[in-house]
Amino acid sequence: MAKKVARYPGKLIVVEGIDGSGKSTQLHLLDKWLRSLGLNVFFTEWNSSDVVKEITSKGKKKALLTPTTFSLLHATDFADRYERNIAPLLEAGYFVLADRYVYTAFARDVVRGCTPAWVRKVYSFAVVPDVAFYFRVPPDVAMDRILEGRPKLKYYEAGMDLNLSNDEYESYRIFQSRIVDQYEEMSQKDGFVVIDGTLDIEEQQNRMRKHVGKLVPPKTPPSIEMKEAQPK
Amino acid sequence: MTQQLASRPLKYYGEGISYLKRMESKGHLVVVEGPDGSGRSSQIDLIVSHLEAAGHAVITTGLKRSELIGAGILEAKHKLPLGKKTLALFYAADFADQLEHKIIPALHAGYVVLADRYIYTLMARSSVRGISRTWSHDLFSFAVKPDLVFYLDVPPEELFHRVFQKYGSLDYYESGADMGLSDDLYESFVLYQKGIAKEFRAMESKYGIVRIDGGRTIPEVNSDLQRRIDEYLRSPH
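The listed protein sequences derive, respectively, from chains A and B. Letter by letter, the first sequence follows residues 1 to 232 in this note's numbering. Letter by letter, the second sequence follows residues 1 to 237 in this note's numbering.
One or more of the hints may lead you astray.
A short, non-exhaustive set of chain B residues, derived as facing chain A with CB atoms under 8 Å [stated by the list, open to error]: (1) 85; (2) 138; (3) 140.
The hints are simulated quantities; they were obtained by calculation from the structure and are not laboratory data. Note that beta-carbon positions come from the ideal geometry of N, C-alpha and C, so glycine has one too.
Here chain A stands alone, though its shape is the one from the complex (with noise of 0.2 Å):
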């Protein structure tokens, strides 16, 4: 990724975690706290752009997409959000808020069968983020969240393109669990900010507010002071 050379007024901010870590409650939260701020706040989600969006699904319905392709395909959701609305928010001074950034990539092109190395490329125009936080919970704790109701799981959701086993909630489980092993090999050596998701969800938030906190401006918000500026 590219290094923190050229700087940005914004902050960056994001969570990683596998489903049922916690991480979008607690990003939630912390969207809110920073909105009461009186700070200006974008939330930006993993594989959501609309242009990306149809044909992504379209490919998943079909289960057609090779590793290659299913990576390819989020890297451009990616870069659709990134050139439209994270840079340039990140120019603007915003704090911008991904619920998952490239590091889901890593994790889950990687356990697909893509080359590590060319998955970290593909993504190199991406920012490092001013805070990684990794929300840390044994795999079958997660697990157990997700599969509580039984749900219908999709087709890639639950890894059923690697062939790990014919039924979806085992298939779920290995694919989940080596997902893990790829974010625990990550968090070193990128940075992340480790939360331990079986805490409550109020001391979870406290040590993200915590971190968050040192990167607001002590000074805050302008929108007071543009108060008092109007004429009555």
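Start from chain A and add chain B according to the hints.
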């Protein structure tokens, strides 16, 4: 043709596709590159007829032809302008789909695969738009290395006339209209095509691209191409 086709490992530009490491090729990959109006499709039709008459199994492939996402690319282009990295990755995804679903299986089965454009056009388009050549090269490290690559070289001024005569208008991206090179469409087209041609020259030695003078008549260009292809197919691999 009684000669048994020899299997050999697929050659890649970089790491290749790790989960296809043991896939072998009995076929040949021949690429014809060149801008719109350079005569690519006419030449490919002629080559296909000739090779089939000679008893080869031939399959053609091109950019934007993938069933999976080809149509999506066109739609997205019209809806809202895409960023340059987004577009580059979109084309790469489309290419990967065709490579794995069409080109590699055909090579494995012993076909002569004729590609109407390949990664070089994609890399050239990205590079003129300011994307680093190294990034593009790394991006396509999963691409199979062709046996032959031709580039049909036609001066941009001549291309302009050919394209206009054929289509009556210019393609938005092919004339670099997204780059704001000039308000004048003719000038923009010429500048853009010159930029693309320059990229191809820069890639020639690295990727073994053979430049063919595409300014000649169709039969002249064809006999030149056909001679080179026949020579290659007769040589031991």
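Report the numbers of all earlier hints that the structure fails to satisfy, in ascending order. The structure breaks only hint 3.
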